[in-house]
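K.L.:
Based on the provided sequences and hints, a complete structural model is requested.
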Amino acid sequence: MEHTGNKTENTKATALITAVHRERYEILVEQETSDTKLNARLKTGVYYQDKGGEAFPTVGDRVRIQTNRCGDALILETLPRTSVFYRENPTPGMERQAVAANFDYVFLVMSMNHDFNQNRLDRYLTAAWESGATPVVILTKKDLCEEPEYYVNLVERQAPGVAVCAVSAVTGEGMEHVQRYLGAGKTVVLLGSSGVGKSTFVNALCGETVMDTGAIREDDSKGRHTTTYRQMILLSDGSRVIDTPGMRVLGVGDAKCGMDTTFSDIEELAQHCRFRDCRHEKETGCAVQEAVRDGRLPERRLLNYKKLLAEAAHAKRREETARKKQLRSVERKKNPVRKKQYKAE
1 MEHTGNKTEN TKATALITAV HRERYEILVE QETSDTKLNA RLKTGVYYQD
51 KGGEAFPTVG DRVRIQTNRC GDALILETLP RTSVFYRENP TPGMERQAVA
101 ANFDYVFLVM SMNHDFNQNR LDRYLTAAWE SGATPVVILT KKDLCEEPEY
151 YVNLVERQAP GVAVCAVSAV TGEGMEHVQR YLGAGKTVVL LGSSGVGKST
201 FVNALCGETV MDTGAIREDD SKGRHTTTYR QMILLSDGSR VIDTPGMRVL
251 GVGDAKCGMD TTFSDIEELA QHCRFRDCRH EKETGCAVQE AVRDGRLPER
301 RLLNYKKLLA EAAHAKRREE TARKKQLRSV ERKKNPVRKK QYKAE
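In terms of UniProt numbering, the sequence shown has 31 at position 31, counting the first letter as 1, and numbering is strictly consecutive.
Derived by calculation from the structure, the hints in this document are not laboratory data. Model, not experiment: these values are computed from the prediction. A few of these clues could be false.
Stated by the list, open to error - Straight-line distance between alpha carbons at most 25 Å, and here's what the computed BS3-like set of lysine-lysine pairs gives:
#: 1; residue 1: Lys37; residue 2: Lys12
#: 2; residue 1: Lys43; residue 2: Lys324
#: 3; residue 1: Lys306; residue 2: Lys282
#: 4; residue 1: Lys43; residue 2: Lys12
#: 5; residue 1: Lys43; residue 2: Lys325
#: 6; residue 1: Lys316; residue 2: Lys306
#: 7; residue 1: Lys307; residue 2: Lys282
#: 8; residue 1: Lys186; residue 2: Lys37
P.N.:
Written out as structure tokens, the structure reads:
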């Protein structure tokens, strides 16, 4: 007998991940004429583990799902990404984690106060360029800064060619310059440490309070985390904003492309070193050290370059170790070791 209206009838579709929680995902089913939001879970952890940790879905991912008439959704697979931002996995031996995917711009949010840090900006720029998207520096709290031009000039010298927007999310000053990066079909991801005003910035973009804001300690300009999970906010103009918790374990990974772009001035100087494998320390004919001595290159910048290079090399070794471990795990699952059978004496 044929049964109609079976509640277990399954339908496959494509969906967009809009939020990631500890054990569930919020998704937006794209095929529906109206926005349909559902909760979803993974097909099985083993499936994604077999493909590597980087394959786990994240905010911005497009995924293939299976739904039934009860509204249950199962994530079957993650579709190819156009851009992706990673962070180091705090768990030793585990592969890096995808934080956001399929975005056009990376908004590097930094406040114009004592918390502004040039080394952190280098780190963010490296990760942003490596993601495959375009970085834009957003300098916040313009209404509280006496000399915003100082910070703008500092960023422009440090990151030539990168767009810089000095804004006040409270008064709205400068927010019009941000609009050029938004619009229907555009997706941006926000990166920044806690207390820089990301939540206030998002509220200003939305024109309403959609995120809680936290108080800032006056002695060190730092704040508490107000974003506790990764999420996508849909704006009225059709653009999408991905907000992330303040990064405590932001690494550069094996960011060859990102390093070359962020430190293009050092890479250019290195072309004139006497030795091709120059480490820019005490070698004879080092053009980089010469630039430091005559003031063309800040020593801080060279030291940070070396630090991030060392981190990238370490991350590469760590990723290789994690992948080998993953391959061994998959192989063991495919070919389980049979227990030896012993005959009773």
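K.L.:
Work down the list of hints and note, for each, if the structure agrees.
P.N.:
Against the structure, the hints come out as follows:
1. Between Lys37 and Lys12, the direct Cα distance comes to roughly 15 Å. Compliance with the 25 Å bound is thereby established for this hinted pair.
2. This hinted pair checks out: Lys43 and Lys324 have alpha carbons roughly 24 Å apart, not beyond 25 Å.
3. Taking the CA atoms of Lys306 and Lys282, the gap is about 14 Å. The hint holds against a cut of 25 Å.
4. A threshold of 25 Å between alpha carbons decides the hint, and for Lys43 with Lys12 the separation of about 13 Å falls inside it, so the pair holds.
5. Proximity of Lys43 to Lys325 is assessed by CA-CA distance (about 22 Å); at most 25 Å being required, the pair is judged to hold.
6. In summary, the hint linking Lys316 to Lys306 is supported, as the alpha carbons are separated by about 15 Å, within the 25 Å threshold.
7. For the hint pairing Lys307 with Lys282, the CA-to-CA distance comes to about 17 Å; that is within 25 Å, so the pair holds.
8. Restraint check for Lys186 and Lys37: satisfied, since their Cα atoms lie roughly 20 Å apart, inside the 25 Å limit.
When each numbered hint is compared with the structure, no violation occurs for any of them.
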